[in-house]
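Protein chains in written order, with the working numbering: chain A, 1074 to 1439; chain B, 1074 to 1439.
Each hint should be verified, as a subset may be incorrect.
Treat identical chains as interchangeable: a pair holds within one or across any two.
[To be verified] Derived SDA-like pairs (lysine to any residue); straight-line CA-CA distance at most 20 Å: (1) Lys1178 x Pro1267; (2) Lys1249 x Thr1360; (3) Lys1139 x Lys1333; (4) Lys1208 x Gln1161; (5) Lys1237 x Ser1395; (6) Lys1246 x Leu1106; (7) Lys1297 x Pro1376; (8) Lys1139 x Thr1103; (9) Lys1438 x Gly1410; (10) Lys1438 x Glu1392; (11) Lys1438 x Arg1420; (12) Lys1240 x Ser1425; (13) Lys1305 x Lys1389; (14) Lys1397 x Thr1164; (15) Lys1162 x Gln1393; (16) Lys1162 x Met1409; (17) Lys1237 x Lys1397; (18) Lys1333 x Arg1130; (19) Lys1402 x Ala1301; (20) Lys1240 x Pro1374; (21) Lys1397 x Asp1205; (22) Lys1139 x Leu1127.
The set of hints was computed from the structure by calculation and includes no laboratory data.
Protein chains: 2
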Amino acid sequence: MQRRSFLKKASVGAVAGSAAVAAPVFAQDTPTLNWRLASSFTRGLDTLWGTGELFSRYVREGTNGKFNIRNFPGGEIVPPLQVLDAVQKNTVEMGNSSGYYYHGKDPSLSFDTAVPFGLNVRQMNAWMWEADGMKLMREVYGDYNIINFPLGNTGTQMGGWYRKEIKSVDDLKGLKMRTAGFAGEVLSLLGVVPQQLPAGDIYPALEKGTLDAVEFVGPYDDEKLGFAKVAKFYYYPGWWEGGAQTSLYINKGEWEKLPKSYQSIIEAASRAATVTMTARYDNLNSTALRRLLSQGTQLRPFPRAVMDACWDATQKVYEQTSAKNERFKRILANYMGYRDELVPWFRIAEASYDQYVGAALSRAKK
Amino acid sequence: MQRRSFLKKASVGAVAGSAAVAAPVFAQDTPTLNWRLASSFTRGLDTLWGTGELFSRYVREGTNGKFNIRNFPGGEIVPPLQVLDAVQKNTVEMGNSSGYYYHGKDPSLSFDTAVPFGLNVRQMNAWMWEADGMKLMREVYGDYNIINFPLGNTGTQMGGWYRKEIKSVDDLKGLKMRTAGFAGEVLSLLGVVPQQLPAGDIYPALEKGTLDAVEFVGPYDDEKLGFAKVAKFYYYPGWWEGGAQTSLYINKGEWEKLPKSYQSIIEAASRAATVTMTARYDNLNSTALRRLLSQGTQLRPFPRAVMDACWDATQKVYEQTSAKNERFKRILANYMGYRDELVPWFRIAEASYDQYVGAALSRAKK
């Protein structure tokens, strides 16, 4: 991780990917600031929304209330899927969103959230903080005048809710499904008709029948959004989100004016909020799943043939996108190269441990 | 030290987990403080040692250099296994250590690190921050006048280095093995002669032949400590450390004098450092393991019969310890109850995703 040496001019370039321009800084060490953070998430989704609030609380408390960030839910001052634009234009100083919501602008933004058959939570954290992830993402967000930080990760998501069982690849044909970003492109190769909707609009669409299936996050959020009431079959895993990171956006000009102490507090607070979001999901999902199952939800793994077809379609989409976009190709190689390096190690200590404990507990229950 | 003007009283109870007692605080919002942190770890182990340094850097930067924590490696001002005592007595204001080093004082302290067949990293984070873990650990450390925070987690560790292959439970008999805390008690039921040594003393003992086997952490640290030179067989998983947490200790009296802003910065910095340590290990272990394997290390899973014998012996030790110690019994029930709740959920989305990607990559290599 790169440290910033501030207050001295010309050193702003120490931030990966940022232009090496001298920028004005505040005269005081601890200026009073009132910033606005536009979130893509709504208050009701307390894990996603709450992570942004925890971040702002750490910043406010750490600065004795001098750096005050007010969080606005999606749609209140900025539409949920326009947070990136609002931060780029400095309509708000900060945003909390997901890179893959802006996949249409630039598919490389999806690497900042999750891509099909990509990194799990821990691999993503390692790529961002200890390998090339942050540097590459700063390069991409640089096009949008944004300094980004990770701000949460949901863990591996579920594969979504389906009105009918998915027994074969053919069952995907014609399926109108809510899914964000990259997954839609892959699934459309298999006949799915993907639709991108923010959280709040999904349930009404299912009710109206304009959707046959929906994937959102996992048991805790999905239960709140009521999907179980309109779709019975709950599939896993969400192969398009092995570990979905959410992000903090800061307008670059505003970031460069911050004193170094505030920048450091932001960095620490964003990491703290990131790991806390994962802990919250891990704490809440298991009980939510048990409630759903007790109320009739049918849990299903995707059939192996469906997984394999999705894997193959994914490779095609990666090839097509790489052929059109040189930077995407370069980041993909870095990201997938990292996955290929880390995954074999994760299969040794971690997976064998988890597998043994899981099996032992299953035996103990019988 | 300029830490002696207590002019106003205020509650410091707003930071989660701290006692809600009125306590004297510094007259200034941002007093200048120079604290010492005694670590159990040596500089050479840059992941363990470096996490403490990252923490201190976040605190120093976030306070504009006013709260300055100087980190001392194990043995420099405090012996590595006496950090808890030094913080308790306020010889140093802060420590960075592992609860299970003090298993002999109180076996409940081991829950703050790892216990056999216990929680993995993410389950541990969730237990500490989102369930009852922090509250219970604060109760235990309260006996030692200490306020604790998580400060790192290694992930699932390896099962250690052995001069001879472990083909059956009988091969454990008479084995002189370095292992910390609880694992030693379990392994001794199977005939192992456990020895507790700090990191720096292990290699000399192996060289002298006073040890037959050693477990420390995982490939990255173990490679540095040179174990591969004296023991060929590298076993997995380290069932006694499914996710070993390291800890920050703060003398309670000193903690209560801190202004709320410093307390909040400590909390955020400790979470940030915790997730960063895991990312560092995840980033470094895979390449270290490849190097070890290319130099002749033989990787072996523990045979199923050995794992089962260890599982059974673990339950016996838990029963014996519970019979003697009411608080241990109560914390064990909470901790293992949490494991039993979370593990089935982790087997669904996370494990099935990891398993699919791992298998797909193996196939792709052939």
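Checked hints:
no.: 1; hint: Lys1178 x Pro1267; result: within (17 Å within a copy, 59 Å between copies)
no.: 2; hint: Lys1249 x Thr1360; result: neither (29 Å within a copy, 43 Å between copies)
no.: 3; hint: Lys1139 x Lys1333; result: both (14 Å within a copy, 13 Å between copies)
no.: 4; hint: Lys1208 x Gln1161; result: within (19 Å within a copy, 42 Å between copies)
no.: 5; hint: Lys1237 x Ser1395; result: neither (34 Å within a copy, 50 Å between copies)
no.: 6; hint: Lys1246 x Leu1106; result: neither (52 Å within a copy, 65 Å between copies)
no.: 7; hint: Lys1297 x Pro1376; result: neither (27 Å within a copy, 44 Å between copies)
no.: 8; hint: Lys1139 x Thr1103; result: both (7 Å within a copy, 12 Å between copies)
no.: 9; hint: Lys1438 x Gly1410; result: between (40 Å within a copy, 13 Å between copies)
no.: 10; hint: Lys1438 x Glu1392; result: between (47 Å within a copy, 19 Å between copies)
no.: 11; hint: Lys1438 x Arg1420; result: between (26 Å within a copy, 15 Å between copies)
no.: 12; hint: Lys1240 x Ser1425; result: between (29 Å within a copy, 18 Å between copies)
no.: 13; hint: Lys1305 x Lys1389; result: neither (31 Å within a copy, 43 Å between copies)
no.: 14; hint: Lys1397 x Thr1164; result: neither (32 Å within a copy, 63 Å between copies)
no.: 15; hint: Lys1162 x Gln1393; result: neither (31 Å within a copy, 65 Å between copies)
no.: 16; hint: Lys1162 x Met1409; result: neither (32 Å within a copy, 50 Å between copies)
no.: 17; hint: Lys1237 x Lys1397; result: neither (36 Å within a copy, 55 Å between copies)
no.: 18; hint: Lys1333 x Arg1130; result: both (19 Å within a copy, 12 Å between copies)
no.: 19; hint: Lys1402 x Ala1301; result: neither (38 Å within a copy, 39 Å between copies)
no.: 20; hint: Lys1240 x Pro1374; result: within (10 Å within a copy, 36 Å between copies)
no.: 21; hint: Lys1397 x Asp1205; result: neither (22 Å within a copy, 51 Å between copies)
no.: 22; hint: Lys1139 x Leu1127; result: within (16 Å within a copy, 24 Å between copies)
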